[in-house]
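Residue numbers (our numbering), protein chains in the order written: chain A, 1 to 371; chain B, 1 to 371.
Calculated directly from the structure, the hints in this document are not laboratory data.
Please note: incorrect hints may appear among the correct ones.
Since the list gives no way to pick out one identical chain from another, each pair is judged satisfied if it fits inside one copy or across any two copies.
Said to hold, decoys possible - Only pairs whose alpha carbons sit at most 30 Å apart, straight line, appear in this in silico BS3-like list of lysine-lysine:
(1) Lys99 to Lys284
(2) Lys83 to Lys289
(3) Lys255 to Lys102
(4) Lys284 to Lys255
Number of protein chains: 2
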Amino acid sequence: MFTLLASDGHARRGRLTLAHGVVETPIFMPVGTVGSVKTLVPQELHTAKAQIILGNTYHLFLRPGLEVLSAAGGLHQFIAWDKPILTDSGGFQIFSLGKLNKLSEEGASFASHLDGTKFMLTPEKAVQIQEILGSDIHMVLDECTPWPADEKTARTSMERSMRWAARCRQSKTRPELAQFGIVQGGEYPHLRRASVAALREIGFDGYAIGGLSVGEPKNIMGEVIEVCGEVLPRDQPRYLMGVGTPLDLIEGVAKGIDMFDCVMPTRNGRNGTAFTSQGKITIKNAQFKLDQDPLDPLCPCYTCTTHSRSYLRHLWHANELVVQRLLSLHNVTFYLSHMQAIRDAIGAGTFARLLKEQRALWEPGKGKLQA
Amino acid sequence: MFTLLASDGHARRGRLTLAHGVVETPIFMPVGTVGSVKTLVPQELHTAKAQIILGNTYHLFLRPGLEVLSAAGGLHQFIAWDKPILTDSGGFQIFSLGKLNKLSEEGASFASHLDGTKFMLTPEKAVQIQEILGSDIHMVLDECTPWPADEKTARTSMERSMRWAARCRQSKTRPELAQFGIVQGGEYPHLRRASVAALREIGFDGYAIGGLSVGEPKNIMGEVIEVCGEVLPRDQPRYLMGVGTPLDLIEGVAKGIDMFDCVMPTRNGRNGTAFTSQGKITIKNAQFKLDQDPLDPLCPCYTCTTHSRSYLRHLWHANELVVQRLLSLHNVTFYLSHMQAIRDAIGAGTFARLLKEQRALWEPGKGKLQA
Numbered sequence: 001m002f003t004l005l006a007s008d009g010h011a012r013r014g015r016l017t018l019a020h021g022v023v024e025t026p027i028f029m030p031v032g033t034v035g036s037v038k039t040l041v042p043q044e045l046h047t048a049k050a051q052i053i054l055g056n057t058y059h060l061f062l063r064p065g066l067e068v069l070s071a072a073g074g075l076h077q078f079i080a081w082d083k084p085i086l087t088d089s090g091g092f093q094i095f096s097l098g099k100l101n102k103l104s105e106e107g108a109s110f111a112s113h114l115d116g117t118k119f120m121l122t123p124e125k126a127v128q129i130q131e132i133l134g135s136d137i138h139m140v141l142d143e144c145t146p147w148p149a150d151e152k153t154a155r156t157s158m159e160r161s162m163r164w165a166a167r168c169r170q171s172k173t174r175p176e177l178a179q180f181g182i183v184q185g186g187e188y189p190h191l192r193r194a195s196v197a198a199l200r201e202i203g204f205d206g207y208a209i210g211g212l213s214v215g216e217p218k219n220i221m222g223e224v225i226e227v228c229g230e231v232l233p234r235d236q237p238r239y240l241m242g243v244g245t246p247l248d249l250i251e252g253v254a255k256g257i258d259m260f261d262c263v264m265p266t267r268n269g270r271n272g273t274a275f276t277s278q279g280k281i282t283i284k285n286a287q288f289k290l291d292q293d294p295l296d297p298l299c300p301c302y303t304c305t306t307h308s309r310s311y312l313r314h315l316w317h318a319n320e321l322v323v324q325r326l327l328s329l330h331n332v333t334f335y336l337s338h339m340q341a342i343r344d345a346i347g348a349g350t351f352a353r354l355l356k357e358q359r360a361l362w363e364p365g366k367g368k369l370q371a
Numbered sequence: 001m002f003t004l005l006a007s008d009g010h011a012r013r014g015r016l017t018l019a020h021g022v023v024e025t026p027i028f029m030p031v032g033t034v035g036s037v038k039t040l041v042p043q044e045l046h047t048a049k050a051q052i053i054l055g056n057t058y059h060l061f062l063r064p065g066l067e068v069l070s071a072a073g074g075l076h077q078f079i080a081w082d083k084p085i086l087t088d089s090g091g092f093q094i095f096s097l098g099k100l101n102k103l104s105e106e107g108a109s110f111a112s113h114l115d116g117t118k119f120m121l122t123p124e125k126a127v128q129i130q131e132i133l134g135s136d137i138h139m140v141l142d143e144c145t146p147w148p149a150d151e152k153t154a155r156t157s158m159e160r161s162m163r164w165a166a167r168c169r170q171s172k173t174r175p176e177l178a179q180f181g182i183v184q185g186g187e188y189p190h191l192r193r194a195s196v197a198a199l200r201e202i203g204f205d206g207y208a209i210g211g212l213s214v215g216e217p218k219n220i221m222g223e224v225i226e227v228c229g230e231v232l233p234r235d236q237p238r239y240l241m242g243v244g245t246p247l248d249l250i251e252g253v254a255k256g257i258d259m260f261d262c263v264m265p266t267r268n269g270r271n272g273t274a275f276t277s278q279g280k281i282t283i284k285n286a287q288f289k290l291d292q293d294p295l296d297p298l299c300p301c302y303t304c305t306t307h308s309r310s311y312l313r314h315l316w317h318a319n320e321l322v323v324q325r326l327l328s329l330h331n332v333t334f335y336l337s338h339m340q341a342i343r344d345a346i347g348a349g350t351f352a353r354l355l356k357e358q359r360a361l362w363e364p365g366k367g368k369l370q371a
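For reference, chain A alone in the conformation it holds in the complex (with noise of 0.2 Å):
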């Protein structure tokens, strides 16, 4: 299912064969929560060379619910997306915007954010709400470990999640669909080292590194990255789940990462932020109001061939939904091309180069626009 073509340092160029198509990676997958990559249609996902898109299954099992998904044929139909889909299992959702009623080692029974409904949600259940939902790569149930947690309470939670990883794995049924397991442990080495261990004892189709972006400091999440790297298997694609700026990805890449998605681009499009070859924009800012260029004058999304910061910054400032759009559009498309450029960097054996030119570029106060 994963080639690895090329490696530059600890960068990885590789190709993975999913149901609904092929993943060059290193790979963003723009995030579609509730089933529609915010503000964006397909088509615009396909003209930014979106590989694969992500769907949050707490979000779609809650609205429109199986009933509806089930009728249209899986998710890819009912969404309009015949490129592949990766769904998380639920977990994370439950952990942090339902209310979780308990956790046990059955599974965890929450109540639903949006009416208080309540659900029992469990290894095998999130299997088979993935299944039906037909993702080409489904993830197991975990526990995402708060930070910072004491060492006893990182293993007693890393435990069940391997355990839980296991139930995965037991209920699987469809076999034309991926399954990933989760790397736990916190921050603590020797625990990231036996949860590497217990999944590959399981043996998953890729393995994701989670517990990280929950707050703790930049310099964990590297170290946590790098030992895993160690263990995990060559051969097989890693996934850092949740995860980030422009510069989090090419720093994530130089430590073997070869997935990634984040609600950034998007999230930051609809807030008035674009990133661009030259640093951030913020596009309300005074200094764009008769500035006929574009975004970027590099980029060529739609936004960037065809209107102006001037424009845009007129859209904003008269609240014209339509600059939501461009902008996500923009960044989508930025940071797919992004992703683009890091693959031929590793391809071209220049990875050190793009990694040191990007480091001058994001660090703070170092792009030449950043707000």
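With chain A fixed as given, assemble chain B onto it according to the hints.
Relative to the frame of chain A, chain B by itself:
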């Protein structure tokens, strides 16, 4: 500038040649109030076969203002729309949105609805602003006589509007841009005839029928259009401002109208309503929960060729912004296809049959799917 190609009863099939291109009439003009047809981008308007769009001078004058619009080289360049644009004079919004301070022979002094800044709009200034915008068609400054108005009030108001119309014509400096007069006179046939005579005496490139859709009964609108139609020149275009529903459009064409504009397709789209070949649809309704059909099986738009009613309903209930653009895109496409069908019917001599079918579809309770 205007060529009458065919007629069928009072309905007219024509062609309008403007600075930025040719417009086939009868035509509907999507409204781009502050420089964007709400939620949509120029590419979508091209695909929907929009031939001409409308901009609101009052809104554009206040925000982004003439400095920004001039820096871009005019409204076309600013909004990246290379086909014709019609702008109103700003008068209607001063009376409806702004705070009118004083109406005098000289013009209208008002305070911005955005920040209270005071301005004076005169007929000369209205033309000057619209010539800076570079609209293919600009409208004279007039007073939209309120309804109801007694004969003396309607006459006094109309007569001043006619003096303003003459000043507008005199202050016109760009011969390549068309200027339309606006007929006023309230509900009084003799005043409407006097207004048409005054405007014809001045001589314009086209004529709008103003002061309608301001609360009067539908039969008054119809009578006023008929009275004006009898005395307006046959060889120039006739524009019914701010109208209307799909049925209003074809009824207007039946009385000799060539041009229409209305916020209805985009506003209704943002409010969750779609116009279809089977009637109106309220997308949130439970009946569409599992409905795998497109909004309108006869529609060629992206929304209808890509998504199901079930998915659109889900997006609505999940508060996903993208549904507003998907419904707006459909509605604008529907309106423009409707006008294409009307033009085809006039050309083929089958307009009376189309009018009968449309009356059956749109009369209350007659649409198959009317909510």
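Point to revise | Structure-inconsistent hints, enumerated in ascending order | key: Structure breaks hints 3 and 4.
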